[in-house]
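Engineer: Sequence positions in the sequence shown follow the numbering used here and run 151 to 380.
These are computed hints drawn from the structure, not numbers from a lab.
There could be a bad hint or two in this list.
Below, simulated EDC-like cross-link-like pairs (lysine to aspartate or glutamate); rule was C-alpha separation at most 16 Å, straight line [stated by the list, open to error]: (1) 267 / 210; (2) 320 / 277; (3) 278 / 321; (4) 325 / 356; (5) 278 / 356; (6) 225 / 200; (7) 365 / 313; (8) 278 / 363.
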Amino acid sequence: MNILISGANRGLGFSLTKVGLERGHYIFAGVRNISDSLLNLQEVYTDQLEILKIDVTDEETVVEAANSIKKNHLKIDSIINSAGVLLGREKYIEELNLDEMMKSYDINTLGPIRIIKNFLPLLMRGDKQTIINITSEAGSITNAYSRDYPYGLSKVALNMLSEKLNVYLKEKDIKVYSIHPGWMKTDMGGENAPTDPMETANGIMDIIERKVEVKSKYVFIDYNGQPMVI
Numbered sequence: 151m152n153i154l155i156s157g158a159n160r161g162l163g164f165s166l167t168k169v170g171l172e173r174g175h176y177i178f179a180g181v182r183n184i185s186d187s188l189l190n191l192q193e194v195y196t197d198q199l200e201i202l203k204i205d206v207t208d209e210e211t212v213v214e215a216a217n218s219i220k221k222n223h224l225k226i227d228s229i230i231n232s233a234g235v236l237l238g239r240e241k242y243i244e245e246l247n248l249d250e251m252m253k254s255y256d257i258n259t260l261g262p263i264r265i266i267k268n269f270l271p272l273l274m275r276g277d278k279q280t281i282i283n284i285t286s287e288a289g290s291i292t293n294a295y296s297r298d299y300p301y302g303l304s305k306v307a308l309n310m311l312s313e314k315l316n317v318y319l320k321e322k323d324i325k326v327y328s329i330h331p332g333w334m335k336t337d338m339g340g341e342n343a344p345t346d347p348m349e350t351a352n353g354i355m356d357i358i359e360r361k362v363e364v365k366s367k368y369v370f371i372d373y374n375g376q377p378m379v380i
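With the hints as constraints, model all of the structure from the sequences given.
Structural biologist: Listed below in structure tokens is the structure:
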């Protein structure tokens, strides 16, 4: 499979890139800045890894990346929107910085929209196509809690995007999921998190490879394919 992953330079995005390469897939790694870890992977997987300059807040970079793939007449089989940001942590509404709110929407919600908008024509050429939006349990309305407004609200909107895309693309057999990755040991999740991002990445790859049968009324699921509370 040809898989596009945004935010591939660190955290879950990097783990997804590593797992995808280990499983023999061709990975388009979308990054704003290239990390040493990603460059080291490229040395090992020279024929499987292509690094693309993508800033999900800058649509021009997304367009240029999509055009670079189109020139080679390539296709995309799966899109994973992993780039994300957690701002305004633990703040109540009286403390909110509205610039952090806007930036969270720009990256967490509009970022995936920019990616899907411009890469969907390439995905239409693929096989067993899947769109994965990395969301969070913080995007559950039923289990809403105070604080974390920028993150939670942007993820609720991302979940709605996934539902709308699912309705739009269902007849084309393009699978769409909003996936809660668990509380992971990443820069965002911290060292006290119980989940290894490699575990999450393997679960998501199983879903993409259709090794897991997802039985959920909504497309909001966890990395093992189990339904999340919407």
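Engineer: Evaluate each hint against the coordinates.
Structural biologist: Status of each hint after checking the structure:
no. : hint      : in the structure
1   : 267 / 210 : holds (12 Å)
2   : 320 / 277 : holds (14 Å)
3   : 278 / 321 : holds (13 Å)
4   : 325 / 356 : holds (13 Å)
5   : 278 / 356 : holds (13 Å)
6   : 225 / 200 : holds (13 Å)
7   : 365 / 313 : holds (15 Å)
8   : 278 / 363 : holds (14 Å)
In the structure shown, no violation is registered for any of the earlier numbered hints.
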